[in-house]
Amino acid sequence: MLTDATVISFIQAVVLIAISPLITGLIRKFKAMMQHRIGSSIIQPYRDLLKLFRKDSVVSESTSWMFRLIPYVCLSSMVLIALMIPFIFTGIIAPYGDLIALVYLFTLYRFAMVLGGLEGGSCFGGMGSSREMMMSVLIEPALLLSIMAIAVLSGGGTDISNIPVMLCNMGFTAFCPALILAASSFIITMLAENARIPFDNPSTHLELTMVHEAMLIEYSGKDLGMMELSAEMRLTIFMAMLCSLFFPWGIATTTAPSSIITGTIAVMAKMVTIAFLIALLESSLTKSRLFKTPNLLTASFVLSLLAMVSLYTL
Amino acid sequence: MVVSVVPLKGGTLKGIGLVLCAFSSIVGVLTYFVIGDFSYEFVIPSAVGSYNLMFDQFTRLLISISSLVFLMVVIHSVGFEVSDDEKYVCLTNLLFIACILAMSADSVILLLVAWELVSVTTFLMCYGADETSRWRYFTMTHMGGLLIMLVFAAMWSISGTYVLSEMNGISSIAGSMVSSVLILLLFIGFGTKLGILPFHAWMPDLYAGAPIHTVTLLSTVCSNVAIMILVKGIFLWIGVPDNIFLIVLMLLMSSATAIWGAMESLVQTEPRRILAYSSMENMALVVMCISAAMLFSQIGSESLVAVMVVAAILHTINHSLFKSLMLMTVGTVENCTGEHAIEKMGGLAKVMPVISVFALIGTLAMAAIPPLNGFISEWLMIKTLVSADTTESVLRLVIPLVVAALGICGMMAAVSYARLYGFMFLGRPRSEAVAKPGPVYRTMIFPLVVLASLCIVLGVFAVPLVNEITESVCRLFGTAYNPSANALSGSLNPPILSAILLVIALLLLLFSRISKKKTKSSTTWDCGIELEKQMQYSSSGFTQPLVHVFHPFYGDKIAYANDNEEEGSYKVRFAEPFTEYFFRPLGRLVYGMAEKIGKMQTGNIQSYIGYILFTLLTILLGVRLIC
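First to last, the protein sequences are chains A and B. Quick note, the first sequence lines up with residues 1 to 314 if you use my numbering. Quick note, the second sequence lines up with residues 1001 to 1627 if you use my numbering.
No lab work stands behind these hints: they were computed from the structure. Heads up, some of the hints might be wrong.
Here are the computed lysine-lysine pairs in the PhoX-like style, where the Cα-Cα straight-line distance is at most 20 Å [stated by the list, open to error]:
1) A:Lys-292 - A:Lys-29
2) A:Lys-55 - B:Lys-1516
3) B:Lys-1518 - A:Lys-51
4) B:Lys-1350 - B:Lys-1520
5) A:Lys-55 - B:Lys-1518
6) A:Lys-55 - B:Lys-1344
7) B:Lys-1520 - A:Lys-51
8) B:Lys-1520 - A:Lys-55
9) A:Lys-51 - B:Lys-1517
10) B:Lys-1436 - B:Lys-1350
11) B:Lys-1516 - A:Lys-51
12) B:Lys-1436 - B:Lys-1344
The structure displayed is predicted, hence computed values, not measured ones.
Next comes chain A alone, as it looks inside the complex:
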């Protein structure tokens, strides 16, 4: 029952969850370095979370029974996704959902967060939810299409754990236009989904530019900690998906120790590279006006559609 593969896939899910604050810290550190600052330590996000978990929370009188449940829904959907995606090793601990289910679990997270923003009836929360929903109408189809394009490209169906294996086996033939198009669409989606520049500024609070932070305005203490942790996990999960679904080369396909060690080194190198690229992008771009973001989002949607079309027509 307890095979090597199960143990390794469980460990990789735990690692994925555990390093998510670290990834956020890493991006912040890279950004600080690019701006010639020393910046805070890369383990600062852990300290922040710990502090939040130790605090009491304040809940608005206008909120309903749902308000306190939302952090749990958000965090558990993210933990479930973490169990569902390959990271170091192609096996997964919870192979009960496929890529389509994955996209819809992200929708569950988003739906819960948006409803949380509407709780309490403050203008900030409503505004954050409204903007998040505007973006998501364009993000979500792009996400679905780019992931479907990869599924069709690999020929492994919609099973998540099949895709890295199939892509690795394809070798250089996998480098077709569809992969490039889908990956570029996915990168834009990743930035938009995780409220990064140019869509949103993750380091502002209480300014009219914000989307993600505005939805969390009524949360405090432990609840806020859980929402922050799930947001950090979402970023890490997206980066891991980019690593293992779009560029899986190097991922461990067997449970042999050498394979696992290569897989760990490869995935860590890829994660650090992506974190560096995100930091580079955020340091060289500015947050764009709200009504300019649809242009980029539409571009992402069109790229993913082209990826899909190119698979069927080329």
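With chain A fixed as given, assemble chain B onto it according to the hints.
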């Protein structure tokens, strides 16, 4: 506040009617479980042969689901007050019979009569809706009925039999062109009931004005009837013709309808209108599945045809569950608060927590959030679409576009439902009536409990239902049913997935209990200003960014109507572009022509005799020339 004593509003006659209707719908629910396949022949002497009924497995499945919805509607309507209660209940009974007859009819005449009866009863049951929308519905649905009548008459004359089950794919006799036309007419004919673009123009206004139970039945049971006859008509009686153009046209129309429905539902300001457009969107998805199944049968992937039809039927069933749940929830809220506009609601989750739980389940199911039932059918649609393996290059372009359309309308619809729930139940109350709602009766809650739990159960344990549908569809098509080749087996395991989700959530909850922190209650953060009830996001403001982005599709026109309740207040609503820019000019054109023709009407008998003579001569000459 839940009150257990339910006053029966209306007289004893209403009570008897309700009991009768409840009894017959219980019998209807049992159809699937108790009796096997059977057929029955009404021996009525008539010129057109006998009237046959046929209950095959497919029919019985849909009859059971529709009867269940019917039963719930009947129970829910006990505590409601409608003008002319007795007549209303009588019509409800009649509608039930009409729906069952239309679903099980095996003779052309019976089917047409029953379908006509469905249209007429639903029209009569729309008290309260304004006259324009009622007559618009009447006209459109009868135009559709006319097309359906034409199709069935043609089928009769081509096949030479009035028994539907004896028509096995008349397309082989009729040829590709004729059968394509027949299918298109059938599609448009039932499309008027389902709300296919541009025949949806009757829906929002009628949904906004008619009694909630009529709306519920119209949106769920009548749609089930239409979908069922459409499936049988296309795949069984007529047979899919070899015409790619027709299929692409149907796919295009249904995708356009789905996206249009989702987009328009974003700007509606009444829950019922949102649900009207949502109904249109969901039915368009079902028709999209049917068209995709036709496409698959053309390109030779026979195994996928049945799966795609299963997806369509599964979505029809799921739609009838979550939509009836949502419509009745909205009906309950309206009944208790007296408010119809979403801008006057808000904060209901605090004062009506029980109702809000069911509304949330319905909303999540509609938005296709896992692990509820709406998700399963959307999953099946996307999964089947992308697993199509085609070689024909033109069609290969179609599949990604359909998936894209599904993605866009799914997400837009989700936004619209988040808005529906968020502004009805969350936030702070926007009017006095909503802050202190009236009592809720047990009879109003019971149907919601049943439907909400079905939405969860049929989502988590969807596999048995999918098996049943697959079996019935396979038997309908006469293909071999292979239980191991379940459409849901393999990559998705909803029970375990939802169990894991639940376990994680419980573990987190347990974990957070270890260090119990104090929770203080305070006011919403207000920047130091006392928040008034209007000082929160409005539902129109919520979707304003989206309207801004998709501006060209909405049109600028905003309809203003005076609100009688408060001095100086007004309603704002986006006008439905199809009504404003297509049907109104069309109506004006027809009126204009009628006025011009009306000048012939002089009142002079001599000239009338002249017209008759002229017409007769023309007809006789025409006949002479043709024959």
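Checked hints:
1. A:Lys-292 - A:Lys-29: Between Lys-292 of chain A and Lys-29 of chain A the Cα gap is close to 28 Å, so the pair fails against 20 Å, i.e. violated.
2. A:Lys-55 - B:Lys-1516: holds (10 Å)
3. B:Lys-1518 - A:Lys-51: holds (15 Å)
4. B:Lys-1350 - B:Lys-1520: Answer holds: Lys-1350 of chain B to Lys-1520 of chain B is near 18 Å, not above 20 Å.
5. A:Lys-55 - B:Lys-1518: The hint holds at about 8 Å.
6. A:Lys-55 - B:Lys-1344: violated (37 Å)
7. B:Lys-1520 - A:Lys-51: The given pair, whose Cα atoms are some 18 Å apart, holds under the 20 Å limit.
8. B:Lys-1520 - A:Lys-55: Holds - the C-alpha atoms of Lys-55 of chain A and Lys-1520 of chain B are around 11 Å apart, at most 20 Å.
9. A:Lys-51 - B:Lys-1517: The hint holds at about 13 Å.
10. B:Lys-1436 - B:Lys-1350: holds (10 Å)
11. B:Lys-1516 - A:Lys-51: holds (14 Å)
12. B:Lys-1436 - B:Lys-1344: holds (13 Å)
In the structure shown, a violation is registered for the earlier hints numbered 1, 6, in ascending order.
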